[in-house]
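Protein chains: 2
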Amino acid sequence: MKEILSTQPYIGARDFYPEEMRIRNYIFDAWKRVCVRYGYEEYDFPILEPLEIFAAKTGEEIVKTQLFSFVDQGGRSLAIRPELTPGTVRMIAQKFNQLQKPIKWFMIGNNWRYERPQMGRGREFYQLEANIFGVNEISADFEIFNLVIDLMKEFGANSTMFELKYSDRKLINALLLDTLKLDDELAVQTRRLMDKRKKLTPEAFIEGCEKLGLTSDQADLINKFMFCEFNELSQIIPQEILSENAGYLNLVNLRKMIDDAKINEYCVFDPGIIRGFDYSDGLVYEVFDKNTKNRRSLFGGERFDKLIEIFGNLELVATGFAMGDWTLLEFLKNWNLLPELGSKTEYFVTVWPGEDTKYLEYSLKIGTLLRNAGKNTDTWLQTSSKLDKQLKYADKKGYKFAIIAGEDEISNKKVTIKNLKTAEQTTVEYNEFLKQLA
Amino acid sequence: MKEILSTQPYIGARDFYPEEMRIRNYIFDAWKRVCVRYGYEEYDFPILEPLEIFAAKTGEEIVKTQLFSFVDQGGRSLAIRPELTPGTVRMIAQKFNQLQKPIKWFMIGNNWRYERPQMGRGREFYQLEANIFGVNEISADFEIFNLVIDLMKEFGANSTMFELKYSDRKLINALLLDTLKLDDELAVQTRRLMDKRKKLTPEAFIEGCEKLGLTSDQADLINKFMFCEFNELSQIIPQEILSENAGYLNLVNLRKMIDDAKINEYCVFDPGIIRGFDYSDGLVYEVFDKNTKNRRSLFGGERFDKLIEIFGNLELVATGFAMGDWTLLEFLKNWNLLPELGSKTEYFVTVWPGEDTKYLEYSLKIGTLLRNAGKNTDTWLQTSSKLDKQLKYADKKGYKFAIIAGEDEISNKKVTIKNLKTAEQTTVEYNEFLKQLA
Numbered sequence: 001m002k003e004i005l006s007t008q009p010y011i012g013a014r015d016f017y018p019e020e021m022r023i024r025n026y027i028f029d030a031w032k033r034v035c036v037r038y039g040y041e042e043y044d045f046p047i048l049e050p051l052e053i054f055a056a057k058t059g060e061e062i063v064k065t066q067l068f069s070f071v072d073q074g075g076r077s078l079a080i081r082p083e084l085t086p087g088t089v090r091m092i093a094q095k096f097n098q099l100q101k102p103i104k105w106f107m108i109g110n111n112w113r114y115e116r117p118q119m120g121r122g123r124e125f126y127q128l129e130a131n132i133f134g135v136n137e138i139s140a141d142f143e144i145f146n147l148v149i150d151l152m153k154e155f156g157a158n159s160t161m162f163e164l165k166y167s168d169r170k171l172i173n174a175l176l177l178d179t180l181k182l183d184d185e186l187a188v189q190t191r192r193l194m195d196k197r198k199k200l201t202p203e204a205f206i207e208g209c210e211k212l213g214l215t216s217d218q219a220d221l222i223n224k225f226m227f228c229e230f231n232e233l234s235q236i237i238p239q240e241i242l243s244e245n246a247g248y249l250n251l252v253n254l255r256k257m258i259d260d261a262k263i264n265e266y267c268v269f270d271p272g273i274i275r276g277f278d279y280s281d282g283l284v285y286e287v288f289d290k291n292t293k294n295r296r297s298l299f300g301g302e303r304f305d306k307l308i309e310i311f312g313n314l315e316l317v318a319t320g321f322a323m324g325d326w327t328l329l330e331f332l333k334n335w336n337l338l339p340e341l342g343s344k345t346e347y348f349v350t351v352w353p354g355e356d357t358k359y360l361e362y363s364l365k366i367g368t369l370l371r372n373a374g375k376n377t378d379t380w381l382q383t384s385s386k387l388d389k390q391l392k393y394a395d396k397k398g399y400k401f402a403i404i405a406g407e408d409e410i411s412n413k414k415v416t417i418k419n420l421k422t423a424e425q426t427t428v429e430y431n432e433f434l435k436q437l438a
Numbered sequence: 001m002k003e004i005l006s007t008q009p010y011i012g013a014r015d016f017y018p019e020e021m022r023i024r025n026y027i028f029d030a031w032k033r034v035c036v037r038y039g040y041e042e043y044d045f046p047i048l049e050p051l052e053i054f055a056a057k058t059g060e061e062i063v064k065t066q067l068f069s070f071v072d073q074g075g076r077s078l079a080i081r082p083e084l085t086p087g088t089v090r091m092i093a094q095k096f097n098q099l100q101k102p103i104k105w106f107m108i109g110n111n112w113r114y115e116r117p118q119m120g121r122g123r124e125f126y127q128l129e130a131n132i133f134g135v136n137e138i139s140a141d142f143e144i145f146n147l148v149i150d151l152m153k154e155f156g157a158n159s160t161m162f163e164l165k166y167s168d169r170k171l172i173n174a175l176l177l178d179t180l181k182l183d184d185e186l187a188v189q190t191r192r193l194m195d196k197r198k199k200l201t202p203e204a205f206i207e208g209c210e211k212l213g214l215t216s217d218q219a220d221l222i223n224k225f226m227f228c229e230f231n232e233l234s235q236i237i238p239q240e241i242l243s244e245n246a247g248y249l250n251l252v253n254l255r256k257m258i259d260d261a262k263i264n265e266y267c268v269f270d271p272g273i274i275r276g277f278d279y280s281d282g283l284v285y286e287v288f289d290k291n292t293k294n295r296r297s298l299f300g301g302e303r304f305d306k307l308i309e310i311f312g313n314l315e316l317v318a319t320g321f322a323m324g325d326w327t328l329l330e331f332l333k334n335w336n337l338l339p340e341l342g343s344k345t346e347y348f349v350t351v352w353p354g355e356d357t358k359y360l361e362y363s364l365k366i367g368t369l370l371r372n373a374g375k376n377t378d379t380w381l382q383t384s385s386k387l388d389k390q391l392k393y394a395d396k397k398g399y400k401f402a403i404i405a406g407e408d409e410i411s412n413k414k415v416t417i418k419n420l421k422t423a424e425q426t427t428v429e430y431n432e433f434l435k436q437l438a
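Protein chains in written order, with the UniProt record's numbering: chain A, 1 to 438; chain B, 1 to 438.
Any given hint might turn out to be false.
Note that identical chains are pooled: a pair holds if it fits in a single copy or bridges any two copies.
Taking lysine to any residue and the SDA-like style, the derived pairs with C-alpha atoms no more than 25 Å apart in a straight line are [stated by the list, open to error]:
(1) K389 x P102
(2) K375 x R33
(3) K389 x Q94
(4) K95 x L391
(5) K262 x K358
(6) K435 x M21
It should be emphasised that the hints constitute simulated quantities derived from the structure, not laboratory data.
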């Protein structure tokens, strides 16, 4: 007996039937369009990478438990990429000297993580990754902000639906290192705890800080910091530290640019934005859904000026973000922003049922003519189907026009055009029809 | 000491820098455009599939030695797909009853095989897969022929550059089973040897046949068959067998359609076309480069009416092909068919060098206005770069226009537009400039 195989995809991974594929194309096309509008160039790299590259960047949870990794027939350790940044930086490092700088690049790629699949999140996901390499000034981060906002606006989202919250890792240093005088190790641990702050009660957070060895005064100050307004910073961090702090000065400049460009409605300073990536060393930001029932982070980005050092003695500052397709799609659905995405096929050519091959030949020829005129056209291919069945098919497919050609049409070189929405039909000369198409 | 990582991609896999990505996009866009013009719908499925699905289809070389496979954290055996057909059929089987038939689908996907990387062939490759499911008539194969030819023509190829050679597996049965009366097992072994015929000398082929247990007369007849013209078939296979043979009758009909559509210049009957896929059970075809120095098969396709049976007690006839990106790209390069693919970015906004932030702000604003007018625009972001350096960058990038705004322009609300090809430049009112863009 033959073994019968499962028709399901691997758990947590998606089949894209034409309906889902239309949505995916809608999202990817918008991503591309906006990035190209900003002059960013598209690139790509293999989904399989040497394992070390992922170990080097984070060295944490992803590599240990979430990576799809294996050894190839030649003994090389490989992994399916769980994110796009390491490979991106690898490519930059590879042609470091040839590449014209600054570099503005984007890509759309599939990533895999071994996680428990759940609603709106699977084991594979796509991301748009966009970065600027080689610009130290805050103007680069400002451009990225504009890009992020325009990406969201391209889908019809507005400032009532999302906001971009930002802070700066160097400002966090002004608090932890310069104000509280923590040593580097304790500062890193404290920062990691701060990254979890929004999931904790104030008490649990304070307790966590004390466990790390902070005083309750220090913990209070950190907690206060994480919820303060920009103009309250000087109440927490002494003015003389602030005014010398690169992160603070960056933010002052960024805020002026945001004002000038009148994009304040989208951008909010939030010192509670920390992010988990150890390589972040400047601006950090996250885009949030403003839906009060589902106020979650959609995606984020940061400065990662020093990541390239894992590939050698290279210097190239970097800033950018990655935006996932699952969360975006959920956002679009929740805000009712997904348009009806109909068939791209406009014409359908029927075949008059009958033994004589002339019916099929006539229809095939019309199909060819329509395509040559640039019209997306599906042609029926069976010679014995009832016209009714064919028209039902066309209707279900959402086609606009059906071409019908029977005995009369063929002998008089005519075609009947049926509008499938209104059911109107007209018979015209074959040549006249072609003229109309041109 | 820090370990320094390699910047190379995994051996046999490709990084796509923006120049290579433009070429890839050029190819994929053409593939999509033509398939959509034929009313085919795009779909996709995960690059990781349960291992069994590949074992079931061919059970041969690919699975044993060429598959990238591993066991996941949950103990499931997985493989990175080496081809697109099994996953495609899996999706069809999964929603067998819901899907409107016939089904015309295409996808573009990345495949992986552990092979020795060589010029023009790597361990990963992309394929366009296009199929029709649910049409038994030869009209389906005929439509696929038209699609294949139009795909090649979309790249500028003509009938001096490529040809589509076809035969029919059932016609081969007329020879092996009905004429030579071989048993099924010997017929399969003979067919596999026939598939290698073009790589062998006539003597080696005859010898191979004899090793399988055929007489030298039988071997001669098979050899003669593989090089005969369509109208010589009856000299090899008795007319009474031919005229009852479904494959032969199919071919007669197909050849009439090819004549009617005047695509003879592209299509050649070639009984030497066998193909290695055991599931092929009707028309088989391959597209060949006609370059006399490099007369190789570019890609091929076939009927695979019974493949769906691996997913259960289902019936759905199928025909289609897969076309790879490496071979196509080589073909395009060899025939000099690759166009110059310039930057999609048209405008470049310079920043007048200076301490005052007004220069950057003015330039950023112009960048935004250009983008809002739908122009792809790259903006310089550094405030201290010499204009000369900026213009050199724009020139190397292949941009068309540079916008320059210094002291005069800013105070008089003007912009200077420099044509980077001709070096002409004009200064116009800001508002006038915007009007021109609209």
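Each hint tested on the structure:
1. When the C-alpha separation of K389 and P102 is checked against a cutoff of 25 Å, the pair qualifies only between copies, where the shortest distance is 12 Å, while the shortest distance within a copy is 59 Å.
2. In this assembly of identical chains, K375 and R33 lie within 25 Å of each other by CA distance both inside one copy and across copies; the values are 23 Å within and 11 Å between.
3. In this assembly of identical chains, the alpha carbons of K389 and Q94 lie at most 25 Å apart only when taken from different copies (24 Å versus 58 Å within one copy).
4. In the homo-oligomer, the alpha carbons of K95 and L391 lie at most 25 Å apart only across protomers (22 Å), although the nearest pairing inside one protomer, at 56 Å, exceeds that limit.
5. Taking the shortest alpha-carbon separations for K262 and K358, only the inter-copy value of 15 Å comes in at or below 25 Å, while the best intra-copy value is 66 Å.
6. In this assembly of identical chains, the alpha carbons of K435 and M21 never lie at most 25 Å apart, being 34 Å within a copy and 38 Å across copies at closest.
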